[in-house]
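Listed in order, the protein sequences are those of chains C and L. Final position of the first sequence in our numbering is 251; the numbers increase by one with none missing. Final position of the second sequence in our numbering is 251; the numbers increase by one with none missing.
Please keep in mind that the hints were generated in silico from the structure rather than gathered at the bench. You may find that some hints are simply not true.
Which copy is meant is left open, because identical chains are indistinguishable; a pair holds if it fits in one copy or across any two.
What the hints assert, rightly or not - Calculated pairs, SDA-like style, for lysine to any residue (alpha carbon to alpha carbon, straight line, at most 25 Å):
1. Lys126 / Gly174
2. Lys197 / Val243
3. Lys58 / Asp155
4. Lys244 / Asp152
5. Lys238 / Gly14
6. Lys244 / His144
7. Lys58 / Ser23
8. Lys238 / Arg165
9. Lys237 / Ala162
10. Lys221 / Tyr191
11. Lys244 / Phe91
12. Lys42 / Gly103
13. Lys207 / Pro229
14. Lys57 / His226
15. Lys244 / Arg92
16. Lys181 / Tyr230
17. Lys181 / Asn169
18. Lys238 / Arg158
19. Lys244 / Asp155
20. Lys71 / Asp89
21. Lys238 / Glu123
22. Lys145 / Leu178
23. Lys96 / Leu149
24. Lys241 / Asp155
Quick caveat: nothing in here was measured; it's all calculated off a predicted structure.
Protein chains: 2
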Amino acid sequence: MKKIRDFQEFVSKGERLYLRHLSVDCVIFGFHDDSLKVLLLKWKDGGHWCLPGGFVKKNEAVDDSATRILKDRTGLDDIFLQQFHAFGDPFRDRNKELLSIQGKSGKWLMERFITIGYYALVEYSKVSPQPDWLSEECKWVDIHKLPKLIYDHQDIVRKALAELRRSLNDHPIGYNLLPEKFTMPELQRLYETVLDKTLDRRNFQKKMLSLKILERLKERKTGGAHKAPYLYRFDKKKYAKAVKQGLRFGF
Amino acid sequence: MKKIRDFQEFVSKGERLYLRHLSVDCVIFGFHDDSLKVLLLKWKDGGHWCLPGGFVKKNEAVDDSATRILKDRTGLDDIFLQQFHAFGDPFRDRNKELLSIQGKSGKWLMERFITIGYYALVEYSKVSPQPDWLSEECKWVDIHKLPKLIYDHQDIVRKALAELRRSLNDHPIGYNLLPEKFTMPELQRLYETVLDKTLDRRNFQKKMLSLKILERLKERKTGGAHKAPYLYRFDKKKYAKAVKQGLRFGF
Numbered sequence: 001m002k003k004i005r006d007f008q009e010f011v012s013k014g015e016r017l018y019l020r021h022l023s024v025d026c027v028i029f030g031f032h033d034d035s036l037k038v039l040l041l042k043w044k045d046g047g048h049w050c051l052p053g054g055f056v057k058k059n060e061a062v063d064d065s066a067t068r069i070l071k072d073r074t075g076l077d078d079i080f081l082q083q084f085h086a087f088g089d090p091f092r093d094r095n096k097e098l099l100s101i102q103g104k105s106g107k108w109l110m111e112r113f114i115t116i117g118y119y120a121l122v123e124y125s126k127v128s129p130q131p132d133w134l135s136e137e138c139k140w141v142d143i144h145k146l147p148k149l150i151y152d153h154q155d156i157v158r159k160a161l162a163e164l165r166r167s168l169n170d171h172p173i174g175y176n177l178l179p180e181k182f183t184m185p186e187l188q189r190l191y192e193t194v195l196d197k198t199l200d201r202r203n204f205q206k207k208m209l210s211l212k213i214l215e216r217l218k219e220r221k222t223g224g225a226h227k228a229p230y231l232y233r234f235d236k237k238k239y240a241k242a243v244k245q246g247l248r249f250g251f
Numbered sequence: 001m002k003k004i005r006d007f008q009e010f011v012s013k014g015e016r017l018y019l020r021h022l023s024v025d026c027v028i029f030g031f032h033d034d035s036l037k038v039l040l041l042k043w044k045d046g047g048h049w050c051l052p053g054g055f056v057k058k059n060e061a062v063d064d065s066a067t068r069i070l071k072d073r074t075g076l077d078d079i080f081l082q083q084f085h086a087f088g089d090p091f092r093d094r095n096k097e098l099l100s101i102q103g104k105s106g107k108w109l110m111e112r113f114i115t116i117g118y119y120a121l122v123e124y125s126k127v128s129p130q131p132d133w134l135s136e137e138c139k140w141v142d143i144h145k146l147p148k149l150i151y152d153h154q155d156i157v158r159k160a161l162a163e164l165r166r167s168l169n170d171h172p173i174g175y176n177l178l179p180e181k182f183t184m185p186e187l188q189r190l191y192e193t194v195l196d197k198t199l200d201r202r203n204f205q206k207k208m209l210s211l212k213i214l215e216r217l218k219e220r221k222t223g224g225a226h227k228a229p230y231l232y233r234f235d236k237k238k239y240a241k242a243v244k245q246g247l248r249f250g251f
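Chain C with its partners taken away, still in its complex shape (with noise of 0.2 Å):
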């Protein structure tokens, strides 16, 4: 199949090639200097801001829908991507006015849509963001200071980071997020930047270490005031493990 050059095409061609009523929404979390951004996009017709979203081909598994959408926003391939809800509400898109969209080709648009909600947490210097068809502008937002978002995707972004900090009691992160090698003030700032609050220190190490997937390095890190902190990486293999059996970590 031939991509799809601007849209108007996808308007019109959108009814024969994708589900009807379905959608993707992704909330695509970005890690950066200690603070946690979202990935929006602002609307080139009225500048309004939304997620990074699609639609779910007639063939194509919603998984795939999902890492297609947030390979062509982001640029990145090979991310852990979390299905966490689906928004069914029959007026959750309601305002969809805001699209103004005419003619009879792009009907489908303006129906029901139910959408299917994926989080990611990606290192935010590795992306690479791009606008879709309808946008201006694909950025990063501070999430303490969003602008109000289309439809009911304020609440989509509150639900997928409550579930992304839930799974941080049963599965590690850190991962692609840190450096390879790490001391454990940093994984800490990590853990206490996605759940917005601090930690204790000694907790934090003594369950960090508990859960058997780190491993300490010879060396230290060295160049700052205090006495030198030990450096710590992933056992890549403990770890995948962990990510798919999960752990109990309990914050």
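Following the hints, position chain L against chain C.
Okay, now just chain L, sitting in the frame of chain C:
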């Protein structure tokens, strides 16, 4: 709208009534006599086993579809249903010919469906299982003795059970499943049944009491051979708050 009377009418009116490509499946767990069961349907046509499910009306919230399906199959109202996953593989219901539907009006039913999974945990003896149009039987089956299920329904049960167990880390269970007054060993058996593992008695009691959702009564249970154990009941307000806000348990 008049109620649909039979399977033929359901097939022929379905396309106009329901959203295309979208279904709901419910994993209804039943707790009774220290064992965990799942409510299943057995088709008239071929005797295949499946989960109770249905479709989403054009103006119906997906959560309301799940509530309607639960009510139709169990007679139960006011049951907390938890959405847990959307199953979106294009081949998940590939063996549609099991349905043996003929004629053009049933074409919508033979297309691809994305199904949204919900689970509930109910007190088995409160349920009056009701077959649907497709089924000759609706009954409880022990989770350890499930028959072969159609499509990906086995995966749906597995995922629902994993999510129910995961939910025990941050949500209480017991209300509506235990008598109003119960002993700590009775509560522990409920948790052990859902988790399918033995828990340490003292640890369990300590954790449970730390949640502060239990009220210890002055009366004790009498009649057993052992020292009469304390009776407890849930503090409904605190229990409801814990359901809403979540709590930290960590099994």
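Checked hints:
no.: 1; hint: Lys126 / Gly174; verdict: within (15 Å within a copy, 46 Å between copies)
no.: 2; hint: Lys197 / Val243; verdict: both (23 Å within a copy, 22 Å between copies)
no.: 3; hint: Lys58 / Asp155; verdict: between (27 Å within a copy, 22 Å between copies)
no.: 4; hint: Lys244 / Asp152; verdict: between (31 Å within a copy, 20 Å between copies)
no.: 5; hint: Lys238 / Gly14; verdict: neither (43 Å within a copy, 49 Å between copies)
no.: 6; hint: Lys244 / His144; verdict: between (31 Å within a copy, 23 Å between copies)
no.: 7; hint: Lys58 / Ser23; verdict: both (12 Å within a copy, 16 Å between copies)
no.: 8; hint: Lys238 / Arg165; verdict: both (21 Å within a copy, 23 Å between copies)
no.: 9; hint: Lys237 / Ala162; verdict: between (28 Å within a copy, 23 Å between copies)
no.: 10; hint: Lys221 / Tyr191; verdict: within (20 Å within a copy, 46 Å between copies)
no.: 11; hint: Lys244 / Phe91; verdict: between (36 Å within a copy, 24 Å between copies)
no.: 12; hint: Lys42 / Gly103; verdict: within (24 Å within a copy, 47 Å between copies)
no.: 13; hint: Lys207 / Pro229; verdict: within (18 Å within a copy, 35 Å between copies)
no.: 14; hint: Lys57 / His226; verdict: neither (55 Å within a copy, 64 Å between copies)
no.: 15; hint: Lys244 / Arg92; verdict: between (33 Å within a copy, 22 Å between copies)
no.: 16; hint: Lys181 / Tyr230; verdict: within (10 Å within a copy, 53 Å between copies)
no.: 17; hint: Lys181 / Asn169; verdict: within (23 Å within a copy, 32 Å between copies)
no.: 18; hint: Lys238 / Arg158; verdict: between (31 Å within a copy, 24 Å between copies)
no.: 19; hint: Lys244 / Asp155; verdict: between (28 Å within a copy, 16 Å between copies)
no.: 20; hint: Lys71 / Asp89; verdict: between (28 Å within a copy, 19 Å between copies)
no.: 21; hint: Lys238 / Glu123; verdict: within (21 Å within a copy, 40 Å between copies)
no.: 22; hint: Lys145 / Leu178; verdict: within (24 Å within a copy, 45 Å between copies)
no.: 23; hint: Lys96 / Leu149; verdict: within (13 Å within a copy, 40 Å between copies)
no.: 24; hint: Lys241 / Asp155; verdict: between (32 Å within a copy, 20 Å between copies)
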